[in-house]
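Taking the hints into account, I'd like the entire structure generated from these sequences.
4 protein chains.
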Amino acid sequence: MIEGKESKSFKGTLKYGMVGGGRDSFIGDVHRKAAKFDGKMELVAGCFSRSYENTLETGVGLGLTKDRLYQDYTEMAVKESQREDCIDFVSIVTPNYAHYPAAKAFLENGISVVCEKPITIELDEAEELAKLAKKNELLFCVSYSYTGYPMVKHAREMVKNGDIGEIRMVMGEYPQDWLAIPIEKEGQKQAAWRTDPKISGKSNCNGDIGSHIENVVSYISGLAIESLAAKLDILGEGRELDTNASIMIKYTNGATGHYWSSQVAIGYDNALKIRIFGTKGSIEWEQESCNYLKVTYLDGPVQTLSRGRDELYPLGGDLSRIPAGHPEGYNEAFANIYSNFANALFAMKEGKEVDNEKFDYPSLADGISGVKFIGKSVESSESGASWVTF
Amino acid sequence: MIEGKESKSFKGTLKYGMVGGGRDSFIGDVHRKAAKFDGKMELVAGCFSRSYENTLETGVGLGLTKDRLYQDYTEMAVKESQREDCIDFVSIVTPNYAHYPAAKAFLENGISVVCEKPITIELDEAEELAKLAKKNELLFCVSYSYTGYPMVKHAREMVKNGDIGEIRMVMGEYPQDWLAIPIEKEGQKQAAWRTDPKISGKSNCNGDIGSHIENVVSYISGLAIESLAAKLDILGEGRELDTNASIMIKYTNGATGHYWSSQVAIGYDNALKIRIFGTKGSIEWEQESCNYLKVTYLDGPVQTLSRGRDELYPLGGDLSRIPAGHPEGYNEAFANIYSNFANALFAMKEGKEVDNEKFDYPSLADGISGVKFIGKSVESSESGASWVTF
Amino acid sequence: MIEGKESKSFKGTLKYGMVGGGRDSFIGDVHRKAAKFDGKMELVAGCFSRSYENTLETGVGLGLTKDRLYQDYTEMAVKESQREDCIDFVSIVTPNYAHYPAAKAFLENGISVVCEKPITIELDEAEELAKLAKKNELLFCVSYSYTGYPMVKHAREMVKNGDIGEIRMVMGEYPQDWLAIPIEKEGQKQAAWRTDPKISGKSNCNGDIGSHIENVVSYISGLAIESLAAKLDILGEGRELDTNASIMIKYTNGATGHYWSSQVAIGYDNALKIRIFGTKGSIEWEQESCNYLKVTYLDGPVQTLSRGRDELYPLGGDLSRIPAGHPEGYNEAFANIYSNFANALFAMKEGKEVDNEKFDYPSLADGISGVKFIGKSVESSESGASWVTF
Amino acid sequence: MIEGKESKSFKGTLKYGMVGGGRDSFIGDVHRKAAKFDGKMELVAGCFSRSYENTLETGVGLGLTKDRLYQDYTEMAVKESQREDCIDFVSIVTPNYAHYPAAKAFLENGISVVCEKPITIELDEAEELAKLAKKNELLFCVSYSYTGYPMVKHAREMVKNGDIGEIRMVMGEYPQDWLAIPIEKEGQKQAAWRTDPKISGKSNCNGDIGSHIENVVSYISGLAIESLAAKLDILGEGRELDTNASIMIKYTNGATGHYWSSQVAIGYDNALKIRIFGTKGSIEWEQESCNYLKVTYLDGPVQTLSRGRDELYPLGGDLSRIPAGHPEGYNEAFANIYSNFANALFAMKEGKEVDNEKFDYPSLADGISGVKFIGKSVESSESGASWVTF
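Residue numbers (this note's numbering), protein chains in the order written: chain A, 82 to 471; chain B, 82 to 471; chain C, 82 to 471; chain D, 82 to 471.
Derived by calculation from the structure, the hints in this document are not laboratory data.
Warning: the hint list may mix true and false statements.
Identical chains blur together in the list; that is why a pair holds if it fits in one copy or across any two.
[Stated by the list, open to error] DSBU-like cross-link-like pairs, simulated, lysine-lysine; straight-line CA separation at most 30 Å:
1. K375 to K354
2. K430 to K147
3. K375 to K361
4. K361 to K270
5. K266 to K361
6. K279 to K439
7. K160 to K185
8. K147 to K96
Shown next, in the form of structure tokens:
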């Protein structure tokens, strides 16, 4: 069931299950569309909600059979692991608080995992998952979707190949405005869980979108954070968690960074923008214009690279699916995450050693880094935005 | 197999077959991804190439069974029509010259059709297909993909509702540069068939992309062409067909238009751009920034509407799948064409009368208009770009 | 009184007079600011209006002495020519109908001229001015302001040097919206005279702004028009002259062009945009972003050149006054026209032969071409937008 | 000598002198063009350089008489003050280190001042100037040019009128790339003095351009800084002063800000950009597109206001000189600073009390704030970018 460019890496079809993603979920449908995009995997099992009625309705609607629709994720992990046609992996797309226990249950039962970020609330939990995965020789992919864009991958390779020299500064921003007013009071469900510390964890804005800046910058630049000073602002009447975050960064190589994320920045939809400045050039990428990359070299004019038109490093270029000027978007980026992870699973099934770097999907190490980033940001903010060692 | 927003209109799953779309085809994979995007249909039969070996390889790769992989489209039309589990429709995605005979074969055998544009080379052929479809009570969808974008649909509703008043001028352009040099001589297959009059028909550039301008303008504005003056330029050494087209239009309501399409406009990828100016306002849409629509009203500032953020008329808004700022692109637009057509097929299966306007998919009338536009443009160009009545 | 870069070409200070540009004039003040910008000339005489009271008020306000404020332009031409400190040139900035008789009066009295476009209503009048200027060995500059921009000058040199190869297509547009509704009925003076055939001549929109497209394209590309088909639309209740123009062009080298100008294109201020496509590359310039030039070469990425940053040909680069990113605009472009013309006048005063090409100011030949373009467009439009030989 | 819109406020002509601005100066010529732009003042005296030969050459070139060309600024202050036709004010446009002593000399001799920023190196010096000006009843204008743009003035009025509600966040940035490599070693004079602490003071980048962010944000938002944490980076081999600055801000109203300035951000010319987010809307202005202002209100689409097109508050709208779409730029912004200051001087000459707020020019209070901002930033940076109370 492989099509187009992807066919060469085809090794069969994977089977997967899903935890979360029932009625009212936005991200569940995105994951399912992404998973089926290249025909490498098929959804066969699920526990889509804490409400079994929701799981049943969703699962039947998706054409699943009742015997693989489960009351809770523990049951699902146990029973699936006992089947001969056990799922090859599970996708965990619940609100934050359930990521850790669900992932743990599947890893303990020998099932690989795709998990939404942040993978846990606490850092030690994340490290525990890493130990479990290693011990049981399982793969773990964190669905940091924005690293799935071809132009982001090209940017990573540019930095790696020294095209822009030594990195001096990084500017990352991710403004949105959907929480500019407290819509959670009017029953908007996405807003309700994100602004609730019991479900979302210690951080809302910085955890939800600031952590994407951290991830994409890390992925492109390879820089490690040495310390940070974070000011998390709780804006919007009656709120308990941050809806705006301004974070200064010192990297271990001496470079300086700033990450700004906001859910109350009126005029912005989902405007993740990453700028990386080196001694020989710079790169700039905006998620809402994801098919383009602004590149400037010392003494040269500003260039706009276009996916499908300009030559890209294979890491990115090979994932460009349709011709230049035919916009690819969020779904394709997400599909690339699944596609690369599937290739790793195929390799593992064939008994090969799976090098995360080679298969280029967001790993547990990335997930741990994200949890740490969120925790350190909260720690700094609570001490008056003072500098905290990473 | 229904997900997200689409679930409300679910009526079961359709089965379809495909003609064309084998190895080396770009558009075949796009059609298949679009068709499966919303889970409303499943590919079960195919004749993917004039080479049966290609059909077999492609079909098996797609998981089809051999008994539904056919040597030619006539065999496919006849045999499928005799099966109890006959396909609900066929998708014809071959090069241009085969559209007409293939479509005819399926219509004659009682099978509805999705067909790439131009649906025929000659106008009388197109009209014959219309008669056949009507006689056999079949549906026919022309895959004019660009009308699938939510912002294009919103623009149509704006005009219909009088938001910009009476239309005075239309500016349509569609520059590309992939044929700036004769790459067909170096064996690029897409270039080879498009520049070959035996396969492409009377027109290359204006037929391939100029006709998209004609279609999107017609869809949004509702204007009818009264006459046109077309200058088709054959640019690029050794070529026989146009690679650039400049066409002035007089509409029946007195408005003036200009359509420019080019495959040799260095610096442009796939830059379809439509501007419509009325007495009370204007709208402007660029395909490469498909999630936005520029709108200006008399005496007001320029506004940029964003899909998912700003309120849209339901015709467009209902087809917005993911939140604002998460880019949707070409694949989603194409999926919308299939999704709307599927809704019409479901309705037909339930015995309801299918009003094309209501189901909002590109119909045979649109396809006929496109064939006429191409023919009239060639006629004008051959007479020195003189004015030709439409 | 020379400053900055310009000082090297300083040869003294010129004295000039002005016809038109009194109270309520927009362009008079622009001319005066441009003339004094580089300190090469001083305003000393004027006939600013048909109303002597207006001339007196304006002139005194500008610090002129009464003996050089005149009742009419004929008096001014005669009397100035008899003074020892006669003006070096006159600037004619009246509404269109007076350009020809005023220019004629000064040329006949041995005074060089700067004149607003169109220089005359009829072609034979323009040719008469040319003969007069030649006979009396006078200089004549047409204030086609947009060729004064450094990036336009760079574009000209790029074409001349073959950087983009042979030109294949030209797309010129100049949409505005200030006449979207008939504001002339509410006493707006600019609108009143422009829409009045007695003052404006045969054409409003195409004469006022379409002729700028013609001029800038000619300046950059060097192409000559072979024939054109023009549709001039009279939009706006109660009007007699065109407010929208769509013109197809065949150039003598075989290239195709389209010029669109409009005063009723809601959403546009003064959006002159020129795109020129060659066999090896393309250039694109937008007046409202006048400090940048989009350039793309075959097989390379899209580049954005920035005035002051990227290396320009001297014709443009030498007229860049302030560092990159400090916007220069309309006033500086206009000042460049005056500055280059002043250099030519200095050279003439020194007895040198003045080669228009070398001094790079818009000449009578450009002005004649503009008058012809307006006339031919009207001729074509009146015969149903049929093709008319240039 | 008044033209156009400005004529209504005309009260005569001012005479001024200049300190600095000789050969090789960029900003001197800008000041002179700005000063003469509206015809309200005339340059009559100068000490353009420490080299008298340079002063003579520059002064004579500018048409000044020798008796008003001075060896040093002290001589100039003293001698001018003794003349009956003493200058109305002096413009000080030297490198930073001389601002304070020169300004002091003129104030002590009863002459009003226009001074480049930073007005002094040390805060107590700035406060001393303030006392002097007050004591001697003199006016003092700091040439913070960017507040001269009409759209910046409109933004200020929007905030003042509550159009965007309470301010929550501010993002200011000002990237350049002209010092990406150490061109000061190759004798570039602008680079040489700016990177030299003896001439430039304690800070280069943040002092030169970071202080513009501080000023424009303060002007538009009215916010007061409570504390800041600044990381000043010395990038570029062999340098002693910062070329990049990242500064987090806490404002007294609880809002959060970030100011980033850089001279090594490859790909940027002079990209000052200010974004201000309130509870009811947001505004965004980019200096390189200075004629536009992006405005978004809660629940409304993004709007792009255009100077000359959309209705502006008079503070900005009255300084828009030419019609929409005819770009105004840096020179006009600078001219507005001079024009407003001239109006204040006229009023003072008429014996009226001069309210700085009313005449809307950058005052000594602004200048003092800038000096403090630079000092506090250095203080924070030297203590590891820790938080420093303002």
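Checklist entry - Can you list which hints this structure breaks, lowest number first? => result 6
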